[in-house]
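S.K.: Here is how the chains run, residue by residue.
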Amino acid sequence: MRTLDLLRLIFGNLNRRKARVALTAIGVVIGTAAVVILVSLAIGLQRNANEQLYGIGDLRQIQVYPTFGGEGMPMPGPVQGGKPLETKLLTLQALEEIRAIPGVAKIIPRDYMMANLLLRYKQFDGYSNIIAVDVNDLAELGLQAKQGETQLQRGTVVIGPMVANSFYNPRLRPGQEPPPPPELYGQTIQFIFIKWDKDGKEIRKMAMFKVVGVLKETRGESDWSMYMRLEEAKTYNEWAMGRRINYNKDGFGQVIVVVEDVEQAIEVSKQITDLGFQAYTPQSYLQGINNFYLILQVIFGGVGAIALLVAAIGIANTMTMAILERTREIGLMKAIGATNRDVLAIFLGEAAGIGFVGGLGGVLIGWLAGQGINVVAIIYLANQTAQQGGVPPSVAVYTPLWLPLFALGFSTFIGLISGLYPALRAATMIPVLALKYE
Amino acid sequence: MGKTLVRALDGVDLEIPEKSFTVVMGPSGSGKSTLLYLLGGLDRPSAGQIEINGARLDQMDENQLAHFRRKTVGFIFQSFNLIQSMTAHENVGFPMQFAGISSPERDRRALQLLARVGLEERSRHKPNELSGGQQQRVAIARALVNNPALILADEPTGNLDTSSGNSIMHLLAELHQQGRTVLVVTHDPRMTRFATHKIFLLDGKVVTEQAYQQAVLE
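So the protein sequences, as listed, match chains A and B. Going left to right, the first sequence walks through residues 1 to 438 as my numbering numbers them. Going left to right, the second sequence walks through residues 1001 to 1218 as my numbering numbers them.
It cannot be assumed that every hint is accurate.
As the list claims (entries may be wrong) - Subject to a maximum C-alpha distance of 25 Å in a straight line, what follows is the list of computed DMTMM-like cross-link-like pairs (lysine to aspartate or glutamate):
id, chain 1, residue 1, chain 2, residue 2
1, A, Lys436, B, Asp1058
2, A, Lys198, A, Glu183
3, B, Lys1126, A, Asp223
4, A, Lys436, B, Asp1188
5, A, Lys18, B, Glu1129
6, B, Lys1071, A, Asp197
7, A, Lys436, B, Glu1018
8, A, Lys436, B, Glu1120
9, A, Lys436, B, Glu1155
10, A, Lys436, B, Asp1203
11, A, Lys436, B, Glu1090
What the hints assert, rightly or not - Chain A residues, not near chain B, derived (Cβ > 10 Å throughout):
id, residue
12, Phe11
13, Asn48
14, Gln153
15, Asn340
Derived from the structure by calculation, the hints contain no laboratory data. Just so it is clear, the structure is predicted and the values come from calculations on it, not from any experiment. From the three backbone atoms N, C-alpha and C, an ideal C-beta is built for every residue, glycine too.
Excised from the complex, chain B in its bound form (with noise of 0.2 Å):
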C-alpha cells in the first residue's frame, strides 16, 4: 500500500515443521504479524515463495487462497474479531456458512466445540456479555471448525489478565497435542515453554535466540 515500499521482511528463509508448536518471537515491527498472514495466504509476499503441504501460496488467485484459508488455516487474533450481533454459538458457526455445510450439522459442531473450550452454558450470548478469556475460547472454537491442520495465533493473550492468557495458551498446546501444527506470533515469553520450535525476528530478517536477547537487553 502507499507508494513506498515497505520490507517488512527481509530475506527470511525458515522451515516450519509439520505438527510443532512454532512461537515466533519479536517486538513490535519486527515483522512478526507480517509472517503470519503471510503464512496464512491473507497477504502475498512481493517476492519470495511460500509452499505450505507442497501448495505454493505465492502463486495461487484470490479464489484458490479463500479456500486455502477455509480448508487449512484457522485464525486466532489478539482483538478477538467476534462479530458482536451474532451469539457466541452464530459466531462459532459461521465460518461453516462459507463452507456449505447445512445448518443441523452447523449446529452441532459449533455446540460441540464451545463445550470443548468449557463454554457450552454461554453458547447464547453475545461478545459483549463475555469476558475477553471467554470471547478468546469463542475465537479458539470458531477457528476449529473447519478442522484446520494449521492454527495461527496472532498475539492470542495480547488483550487478557494473566490467569485468562494462561488458559488460553493451555488450549494452544492442547491442540499442538492432539496433532495440529501451531504458530504462535507473541512477543509474551511464557508462550516459550510450550514451544517446540522457535524463530526470532528482529526488523523483518530471523536472528538467534543469543542476538535476540541481547537486542532486547540493550
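For reference, chain A alone in the conformation it holds in the complex (with noise of 0.2 Å):
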C-alpha cells in the first residue's frame, strides 16, 4: 500500500467519526498543553534564575583560597573524611602547580587591607571594601568601567559604582534631610588607615588616592569594592602587620584563576582542590541551578505526562471499540487483498491519527495559554521588582522551539502505543470469521 495512500484512509476514517474522535483527542489535548505549558514554566523560571544572576561573576574565574587546617588549631579548617585537613597556603610556588594545570589562561592573586581604613572625602566619612589585585588592568578580570578608565597606577583607585553612597556626612543633625552622594569620579580621597599598639593606643596613618575609574555595576562584589595595586596594598599590610610580608611563605590571600573556555571551569576548580586548595568557581553554582530546573523539568513535564496517560486508555478505548463495529470491514480488506500488515497500519495510524490530532490542538493551546501567563506575570513581576528593585524579569514561560515539536512527536507516539493492542487483533482476525461477525 502506498504511504499517501495509507494516510488519506487514515484520515478520511477518522473523519468519518469526527465527534468520536473529537472527544477521545480532548483527552490528548489537555495532557499535551500541560506538558508545553508545565515544561515552558520550567524552562522560563531556569532563563528568570540565570538572568538575575548574571552578577556572579565572569564564568572563567575560580576563586581559590588557602587551606587553614590541622590539629591543635584554634579555629580547626573544614575537615574531609573525618581528617583535618594539612594547611596550604597559597605561596609563590603554590601559584605554580595551579599554573601548570591544563586549561590555565591567567593566575592573579588578590590581597586584604589587614588595616582598618577609613575613608574621607569633603564634609564626607565613609567605607568600602579594599580589593587589592595583581593587574595593571581590571579589564583582566572582566570588569568594565562606567566613568574614566581600569588601569591601575600608584596612587590611584578605581572603584565600584555604588562606593560613593556609603559616604555620609557624620556631622549631621537629626532630622537633618542626607545629602546626595558626592561624585567620586576624578577627586582625590583621602585613606586613613588604622592600628592600635600592644597598649590599645591608636595609631593612624593618612595616604590620598585619586580615584581614576568608576566601574560599571556587575551585581557582585566589585559594586562596593574599591580596587587598588597588590604592591601598594602590601605596604600598608606591612605597617598594620608591623613586619615584612613574604608571599613565598605567608601566601596570598586569595587568587583568581582564569581558565580558557568555560567548559574547563569545573576540571581545573577539581584539579585546584585536589592539591589541597579551596576552590569555587559560579560555573559549578550555575551547573547546580541548572540541574535543579533539569529535574524540575522533568517533574512537571511528568506531571502532564500523567495526564496524556490517562488520554492513552482513552486511545485504547476508543480503537477497541472501532474495532468491534468494524470487524466486517476488517473481514472485507482482507478478502480484497489486504495483508495483515496493511490492516495494522491502518489501524495503528488511525490510533496515531488521535494522538497527532490531540497533540496539534494541545500545542496550539498550550502556547497560546503560556503566551497569556506571560504577558499577566511579566506585568505582574514588573510592578514588584519596580517597587523592591532589582531585575524585571524578561519573561515568566519561555517555550523554546523544540518543545512543541518533542511534545507533538509524543503525543503522536502515545496514539500509536494505544493503538498497538486493538490493532495487532485487527490484524491477526481469521478473515472469514471476520467477515461473519454479526
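Reassemble the complex: the two chains are provided individually, in unrelated frames, and hints are given to aid placement.
M.R.: Right under this line is the structure:
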C-alpha cells in the first residue's frame, strides 16, 4: 500500500467519526497542553534565575583560597572524611603548581586590607571593601569602566558604582535631610589607616588616592569595592602587621584563576581542590542550579505525561470499540487482498492520528496559554520589581521550538502505543470469522 | 473456533475445471459457504489439501494467502459488503490500493468497470443511495478490479428481488463467457441453468444430484 494512500485512508476513516475522535482527542489536548505549559514554565523559571544571576561574575574565573587546617589549631579548618586537612597556603610555589594545570590561562593574586580604614572626602566619611589585585588593568578580571579607566597605577583607585553611597556626613543633625552621595570620579580621597599598639593606643597613617575610574554595575562584589594595586596594599599591610610580608611564606589571601574556556572551569576547579586548596567557581554553582531546573522540567513534564497516559487509555478504548464495530470491514479488507501488515498499519495509523490531532490542539492551546501567562506575569512581576528593586524578568514562561515539536511527536507516539493492542487484534483476525461477525 | 470440532466439510474430494461455471447447491448448514471460503483462501482446512492453479493453499502463510486473494480471486457476497462511507467509485477502487496501484490508474479502471456493470451514472453515490441490485453490481465491479481468474460468489442473489437477481445471474454468466472460472454457492435453483458443472452438498458431503433432489423433497 502506498504511504499517501494509507494516510488518506487513515484521515478519511478518522473524519468519518468526527465526534468520537474529537472526544477522545480532548484527553490528548489536555495532556499535551499540560506538558507544554508546565515545561515552558520550568524553562522560563530557569531563564529568569540565570538572568538574575548574571552578577555572580565571570564564569571563566575560579576563586581559590588557602586551606587552614591541622590538629591543634584554635579554629579547625574544613574536614574531609573525618581527617583534618593539611594547611596549604597560596605561596608563589603553589601558584606555579596551579599554573601547570592544563586549561589555566591566568593567575591573578589578590589580597585584603589588614589595617582598619576610614575614608574621607570633603565633609563626608565613608567605608569600603578594598581589593588589592596584581593586575595593571581591571579589564583582565572582566570589569568595565562606567567613567574613566580601568588601569591601576600607584596612588590611584578604581571604585565600584555603589561606593559613593556609603559616604555620609557625620556632622548631620538628627532630622536633617542627608545630602546626595558625592561624585567621586576624578576626586582625591583621603585614606586613614588605623591600627592599635600593644597598649591599645590608636595609630593612624594617612594617604591620598585619586579615583581614576568608576566601574559598571555587575551586581557582584565589585559594586561595593575599591580596587588598588597589590604591591601598594602590601606596603600598608606590612605597616599594619609591623613586619615584612613574604609571599613565599605567608602566601596570598586569595588567587583568581582564569581558565581558557568556560567548559574547563569545573574540571580545573576540581584539580585545584585536589591540590589541597579551596576552589569555588560560579560555573559549578550555575550547573547546580541548571540541574535543579532540569529536574523541575522532568517533574513538570511528568505531571503532564500522566494526563497523556489517561488520554492513552481513552485512545485504546476508542480503538477497541472501533475494531469491534468494523470487524466485517476488516474481513472485507482481507478478502480483497489486504495483508495483516496493511490492516495493522491502518489501525495503528488511526490511533497515532488521534494522538497527532490531539497533540496539535494541545500544542496550540499550550503555547497560547503560555503567551497569556507571560503577559499577565510580566506586568505583575515588573510592578513588584519596580517597588522592591532588582531586575524585572524578561520572560515568565518560555517555549523553545523543540518543545512543541517534542510534545507533538510524544502525543503521536502515545497514540501509536495505545493503538498497538487493538491494531494487533484487528490484523490477526481470521478473515472468515471477521466476515461472518454480526 | 471453540473447543468442539465441527466438520463443516467431510471427505470432500472434487475438482473444478478451469473456465467452468460451477454451481454449488446445498441447504443451509451443508458446508457450501465453507467450501467457498476455503477455495478463496479466507479459511484454512484442518486437514486435507487445496490446490489452485498448482498452488497449495493449505501450505501458504497469511501473507501468501493475502497475495493469492488479491491477485487470483474476486469475492461477491450475499450482503454485498460495501463500505458505507465510500462512494461506489471508491468502493470499486479500494482493492487496488492494497495492490499499490496509482490513484489515476485506479480512477480509470474503477470507472471503466462501473460502466461495464451499467452504473457509470451512479459512481458518486454511496451504497445507501443505491438499490440492492445496484449495490451487488458495484460489488461485482469491485471483484473484477484486479482482473482475477477466479470469481467466488456466495449467494449473490440471496438479498435481491427476482428481477435484480436475474440481472446479476446474467452478469456472472457474462464473466464466465469472457473466460473466467466462476463458482457460485447458492440454494437458488435458477442459477443452475448457467452452470457447466454442478456440485451438490449435504451435511458436508458431496452427493449426486439425485440424492440431493430426494433429500430436498423429503
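S.K.: Against each hint, give a clear statement of whether it holds in the structure.
M.R.: Verification of the hints:
no.	hint	in the structure
1	A:Lys436 - B:Asp1058	holds (21 Å)
2	A:Lys198 - A:Glu183	violated (39 Å)
3	B:Lys1126 - A:Asp223	violated (80 Å)
4	A:Lys436 - B:Asp1188	holds (21 Å)
5	A:Lys18 - B:Glu1129	holds (22 Å)
6	B:Lys1071 - A:Asp197	violated (112 Å)
7	A:Lys436 - B:Glu1018	violated (28 Å)
8	A:Lys436 - B:Glu1120	violated (30 Å)
9	A:Lys436 - B:Glu1155	holds (14 Å)
10	A:Lys436 - B:Asp1203	holds (20 Å)
11	A:Lys436 - B:Glu1090	holds (23 Å)
12	Phe11	holds (12 Å)
13	Asn48	holds (52 Å)
14	Gln153	holds (84 Å)
15	Asn340	violated (5 Å)
In the structure shown, a violation is registered for the earlier hints numbered 2, 3, 6, 7, 8 and 15, in ascending order.
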